[in-house]
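What follows is the residue order along each chain.
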Amino acid sequence: MSLIDVENLTLQFRTDEGLITAVDDVSFSLEPGEIMGLVGESGSGKSVTAKSLMRLNPDNAVYGPKSRIILNLDSGPVDVLKLRPGRGMQIVRGGAISMIFQEPMASFAPAITIGDQMVEQLLLHRKVANEKEATTISIEMLERVGISDASKRFGQYAFELSGGMRQRAMIAMALSTRPKLLIADEPTTALDVTIQAQVIDLMKDLVADFGMGIVFITHDLGVIAQTADRVAVMYLGRLVETGTVRQVIKTPAHPYTKGLLNALPKLDNLSAELTPVPGDIPSPLERPSGCVFNTRCSVSLGTPCQTRIPDYSYVGEGHEAACLLLEEEAVKA
Amino acid sequence: MNEIVNNGDNKQTLISVRDLAVHFPLRGGWFAEKHVLKAVDGVTLEIKLGTFFGLVGESGSGKTTLGRALLKAAPISRGTAEFADGEVDYNIAELKGKELQDYRKRAQLIFQDPYASLSPRMTVRDIIAEPLEVMKLTSSRDETNERVREIAAKCRLNLEHLRRFPHAFSGGQRQRIAIARALVSSPGFVVADEAVAALDVSIQADVLNLLKGFQRDLGISFLFISHDLSVVAHICDHVAVMYLGRLVETAPTDKLFSHPRHPYTSALLSAIPSLDPDDRAGGQKLEGEIPSPTNPPPGCTFHTRCPFARDLCRQEEPQLREFDDDHFGACHFAEEFDFTREHGGRAA
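Going line by line, the protein sequences match chains B and U. Just so you know, the first sequence maps onto residues 19 to 351 in my numbering. Just so you know, the second sequence maps onto residues 475 to 822 in my numbering.
Read the hints as simulated data drawn from the structure, not as lab findings. Fair warning: this is a prediction, and the values are worked out from it, not measured in the lab.
Residues from chain B that face chain U, not an exhaustive set, calculated with beta carbons under 7 Å:
| hint | residue |
| --- | --- |
| 1 | Glu59 |
| 2 | Gln244 |
| 3 | Ala281 |
| 4 | Pro283 |
| 5 | Leu285 |
| 6 | Pro294 |
Every residue, glycine too, gets a C-beta built ideally from N, C-alpha and C.
Bound conformation, chain B alone:
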């Protein structure tokens, strides 16, 4: 059984300028122990999608009437969007789902020790007898993520740790409640490459150990290639391509995915020209009609692409992309 099923997720923000569509009819599911990479430029809606899983979006967010986020817990399925605010959300937030962020300094309280923050959430979310037990669990967890001198770090504040160490502590804190699903929002973007490599290895180890599912948000396709089992590519709130990591990176089907890969510097061919995706991502207020990518697409068919929203075409086993060109090919074949 899948861990989480997202069906027809649509999310709009009410603003002074009107309704802004941030996520548009997105569906995917995630198996336990699976790492799904969610890729896209800034403004593509990847963070908003991930935050919807815990309903962490601000109050002006309006979910579409057909949107469902079904979380399959041991006690049975739960629709996250139907949970009551406040206490009702506790089984999800910090319970079944944990989240780690890009900037660990911003996500730890600066004036409370790392240890106190870890103990507090353990007491809240996991059936832990007392503070002493919670302390033991926390220190074990800090050791597990490779923090040396864990009992000393337990009593320190976030500012006393280095960037890489902070991100490890963050991961330890997120995993100590034994979540079923971990949302990692650009967890390595602020780190140096050498530290990033360490954190990626750590996360892969932890999936093997704990068997939770991970939604891994990043704009770095190299990081995705190294971590994810499956990839979902987002553009302007729509899922344009999904598939296994090999399918999407080695045989991309959507022009946007191809564009992203071409824009990337490749180490095995230093003299290759870098080809940017032309133009900029449009403002969410000026959402293109038809295929959202048509304004920047180099193979756009013109009017058909500007008027019709493409369906998902079958590219391979478990590999789909939403592009009219693929639909046409399917008709011809």
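Starting from the known structure of chain B, fit chain U onto it as the hints suggest.
Coordinates of chain U only, in the frame set by chain B:
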């Protein structure tokens, strides 16, 4: 100190740095020993006219400080840095008054974050015109407008863009505005400090191509500071690698990537996540983190993280040595190990 001999192509040297150090004093007690933070220590390098010179290293390696020292924006505590573009010949450490003003015109800086580096209260036209007005490079408003329009067009900004405020632009467009501002005084030397780090990959390629075009068409020399080796590999002609304030290796780009002469360089190379999902071994990972520059390890500063370290590395600091044409490295055992192979052979 090692003399870096000018060989290879006989381009004129634009910036020549000898044993450069930037030390910041740290607060100490009255009787306690005064500590200094050696942000840059004993760096020697040459930047040829018209090259795209890459400077890489982890955070804390001193690459930004070195870039700023070359712009006389960080105090030089020891050594010399000479700037000679054919018209003027300046000793950067001693610049002041009129000469410093003139140097500001010739050497400019592009910042990392285009969201923080542009004033939200100024129109794009005013942002780009400000250097001209401050440095009094134009005599009339018409002339200013002319220069602004000219450089804006080169950065693919149109007249309509010039009337707007920065908030109306995307990250890539903002960075193009920042580039226009840096280039409006027609500098010959530009320090680009992580100029594409905050941009999406799709936009990053666009800005890199733009900068490369300025090097090709206007002959501008760039010092491109970055932590992203794959970007550096693509855009730079020559690369220098820094670790804890010291230069550990410098070479033409292809040589550095095909045959690194320092274990730190090869570790950085192998840490780049490969785009191939079937290549997940990822070579040898560097353990630990960069030590604090207030208390650098004795001997070779890299020995605490180096998989090849021996006793000599803990005692004696290696000097920068030349291996072949223009390829310098600072490792005692560079000849004994093939770092590329040891690290999984990821390099090109």
